[in-house]
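> The whole structure should be built from the sequences, with the hints applied where relevant.
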Amino acid sequence: MRIRTAGVVTALTLALAATGCSGGSDDPATPTSAAPAGAGGKLVIWGDDKRAAALKPFADRFGQENGVTVEVQAISKDQQTTFVTASQQGSGPDVMVGAHDWIGNLVQNGTIDPVQLTAAQQQGLAPNAVKAVTFNGQVYGVPYATENLALIRNTELAPEAPATMEDLVAQAKKLRAGKKASELLCLQVGQNGDAYHAYPLFSSAGGYLFGTAANGDYDKNDLGIAKPESIAAFQKIRALGEKGDGALKRSITVENSIATFTAGKCAYLVSGPWAVTDVKKAKIAYDISPVPGFAGAKPAQPFLGVQSFYVAAKGKNKALAQEFVTNYVTTPELAVALYQAEPRPPVLTAAYDQVKGADPDLAKFVEAGRNAVPLPAIPEMASVWDPFSKAESAVVGGADPKTALTAAAKTISGQIN
Amino acid sequence: MTALLERETAPAEAPRPGRGGLAGPLVKIALLGLVAGLAVWAAFPLIAERAWTGLAVLLAATAGLFYLYTGRRRVPAKYLVPGTLFLLVFQLFPVAYTAATAFTNFSDGHRGDKREAVVAIQTASVTRVPGSTEYALTVATTGDPATGPLTFLVTDPATRVVSAGTRDGLEELPAGDVTVNATGRVTAAAGYTLLNGGQASARSREITGLAVPTPGGAIRSQGLSRAYEGKAGRAYDAGCDCVRDTTTGRTWTADEEVGAFVAADGERLAQGWRVGVGLSNFTRLVTDAAIAGPFARTLIWNLIFALASTGGTFVLGLGCALALHSPRVRGRGLYRTLLVLPYAMPSFAMLLVWRDMFNTDFGLINNLFGLDVDWFGGAASARIAVILVQLWLGYPYMFLVATGALQAIPPELSEASRIDGASPWQSLKRVTLPLLLVALTPLLISSFAFNFNNFNAIYLTTDGAPFPADNPANGATDLLITYTYRLAFGGSGAEYGFAAAVSIFIFVIVAVISTVSFRRTRRQEEVYS
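Listed in order, the protein sequences are those of chains F and V. Each residue of the first sequence is one higher than the last, beginning at 1 in this note's numbering. Each residue of the second sequence is one higher than the last, beginning at 1001 in this note's numbering.
Some hints could be false.
Stated by the list, open to error - Taking lysine-lysine and the DSS-like style, the derived pairs with C-alpha atoms no more than 30 Å apart in a straight line are:
#1 V:K1114 with F:K42
#2 F:K180 with F:K364
#3 F:K77 with F:K56
#4 F:K174 with F:K236
#5 V:K1231 with F:K131
#6 F:K280 with F:K402
#7 F:K283 with F:K364
#8 F:K298 with F:K227
#9 F:K220 with V:K1429
#10 F:K56 with F:K131
#11 F:K173 with F:K402
#12 F:K220 with V:K1231
No wet-lab data here; the hints were simulated from the structure.
What follows is the structure, given as structure tokens:
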């Protein structure tokens, strides 16, 4: 008797196994069992933790106005991969919130659709942000906030904004000689480099990653990394590195760069709007100015990152998703709420005008991003980050720029083709 | 998995008091009912997806279970089948899936099938006709809101003229029949039922699918309140199995070998599909100089790393265990607790903490000892650093198992050897250690296999650093698994097909090493038992 009972209990586990078999494909049809609270169906929005929380009240209001249920789900990690994989399986959202440099990969996987904005709507948005979300001549997302690097300085240590990189290093060396700051510059490099933070210096010294194609997009066939101008640019970066001035160091990493600045150990920090919260918390007197370029060279161009709303191509409720993204996201109230969730300059001019008075940092970040170039959204950029970062790290450590960049370019072109 | 099984079967003990009574059959009926319920629950999505093979498997499995557990015989099968099913689902299925993936080009840009790629290409090519009107849209129907034929009531914002658009074309409505609000949307129209947001969104697919033909292209909806006149720039032509650009006439022909539409000059459309590529993922592993070149070096370091991690932690853990085994040590419990502490901390966090401690300028290690070592900057120092971290993280485990095994060895044995005149060292070497190793060798082998693929230990500390200036793809502390992770996912998006081929390759290496070691252990066991 007992044997049989035990056997039957294992049947339960078997049943679990059986459902496990179908686990991969039962997701797409679950809505049939989910009772629709709003008679008309459901709109699912995915965003990161902060954005999801800020979106919630607006999503609810949108739902009430349209008689539908709106669900906002927070995806805390690897949003892009999660979105692509889920879309492929048919369990993805209707609307996705994310960075604009995903566009190339999302398009090649057929996971997002172009959006059609009216001329009036486009005019209400910052032009560089619209350019960033334009790919192959199509607008793929509705941008709402931008971010770019700037120079944040401790005004007690360095009252004046440096005009050039040389100026900055000279000032910082004086501070170090006077034992007021132990580090010259807090610009994260890390053991394996950081292409995003290196790019302003790289571009100022004349280097480039990709050339520009006729339609304004980046041209994957014109890889600039091992070109003479890029090598010359890395010579200047090397001169700032560990074998030179010591302004760039591999020991300054993503984890400690902001903390070192807020501890008062360096007077200058190259970082973005995300650093301001920590700086304010540390009660440091600070000011924000553009990242300085090298003397007599081009201005330093940081990368411009644009946060956007996308319409998922495989969403179940595309019409509603389009309605939300093109007609609802473009209202100032939502942009302001998203700004309050995380203070980055809103793309919508009306919203920016509304909040800039209360937050002087915004205008300074926008000013620092005046020369910014949109992060390349072409899928080939994925191959660039890692080798380019490592070349930077090697050169900061004192390696020969030509060797490092030639090797990086070889790795990159091997992956692109 | 065994833990799961144990947990699931544990309630079986409960009905024992009712032996011979009602409880047994009742539990059985309830559980079989549950099986049936779960099967029904799993069947609906399968039917909706038209996954007939999956449905057949589900039906067969459920029927088999009922047959097996309703009868009184086949008792051995009652025990074997659950385990076998779990083995299939959690072990063999993933292995088979990985193996199958290794022969495809599954990667970013090649995820779906060809039909999906064509849809994506055509949708992505729809652009607004230059200078065309941006219409205000109201979705309406001439019949029932849920089922009636859809009509787009579009308003030209300049003239406020309303037209009704259907699959057949656009037709202007008399001004008297419609009411238009300030934004241009129709609020009432004679002969039409307007759909509210909920009703419209319930028919979302039909709305996005409706294109009202116009001379310049087609009017499509953009959301529920706007429409635009758009034109598809690219169209698929089944005749030539190619995609044609409607303005330039350029064509991209489907290439089933690579899973993409390729133009005559070699240009590919980004949206491709998944195809079988035979052995090419495996040949790439062997022939690509960038991969095969540093392979031997990485493999050797990988072996050293796994051996040093396993051996080092074992020696250290055993040493601690032996020291605390002696009854003369006071406060053994306290020491044991303290020694086990690193094991109780999450290794993820600890690895990150250790990485920061090895920082050249701000790290605890350099600051504490007054050093100026660029730990992760030199190959030798980086390798020493990661092995040190492994030692710290791993020795508590070895300490625990060695303590357990030591306590299982009867004290009479070492006593007897002492009486026979053996020194403590001889007694340890000739009696205790061999007995310990019989118990611990399988653990050492599994620990070796684990450390051989210890992705976190490298990825979260050095991430392969230092990298030689002339090769940014392969670093001095890279294990095969971190190296291939970078190859498969660090470059041009995710390459699942290639990653699967690599993991099969690594599996073969680990399997060979483990098999050889287990053979040797068995011989050793025969000697000592």
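> Determine for every hint whether it applies to the structure shown.
Hint-by-hint comparison with the structure:
1. V:K1114 with F:K42: holds (29 Å)
2. F:K180 with F:K364: Since the Cα atoms of K180 (chain F) and K364 (chain F) sit roughly 26 Å apart, the hinted pair holds (cutoff 30 Å).
3. F:K77 with F:K56: Within the cut-off at roughly 19 Å; holds.
4. F:K174 with F:K236: It holds: about 21 Å lies between the C-alpha atoms, which stays within 30 Å.
5. V:K1231 with F:K131: holds (22 Å)
6. F:K280 with F:K402: With Cα atoms ~41 Å apart, K280 (chain F) and K402 (chain F) exceed 30 Å; violated.
7. F:K283 with F:K364: It holds: about 19 Å lies between the C-alpha atoms, which stays within 30 Å.
8. F:K298 with F:K227: With a Cα-Cα distance of about 17 Å, the restraint between K298 (chain F) and K227 (chain F) holds, given a limit of 30 Å.
9. F:K220 with V:K1429: violated (65 Å)
10. F:K56 with F:K131: holds (28 Å)
11. F:K173 with F:K402: holds (28 Å)
12. F:K220 with V:K1231: Holds, because 27 Å separates the two Cα atoms, which is no more than 30 Å.
Of the numbered hints listed earlier, those contradicted by the structure are 6 and 9.
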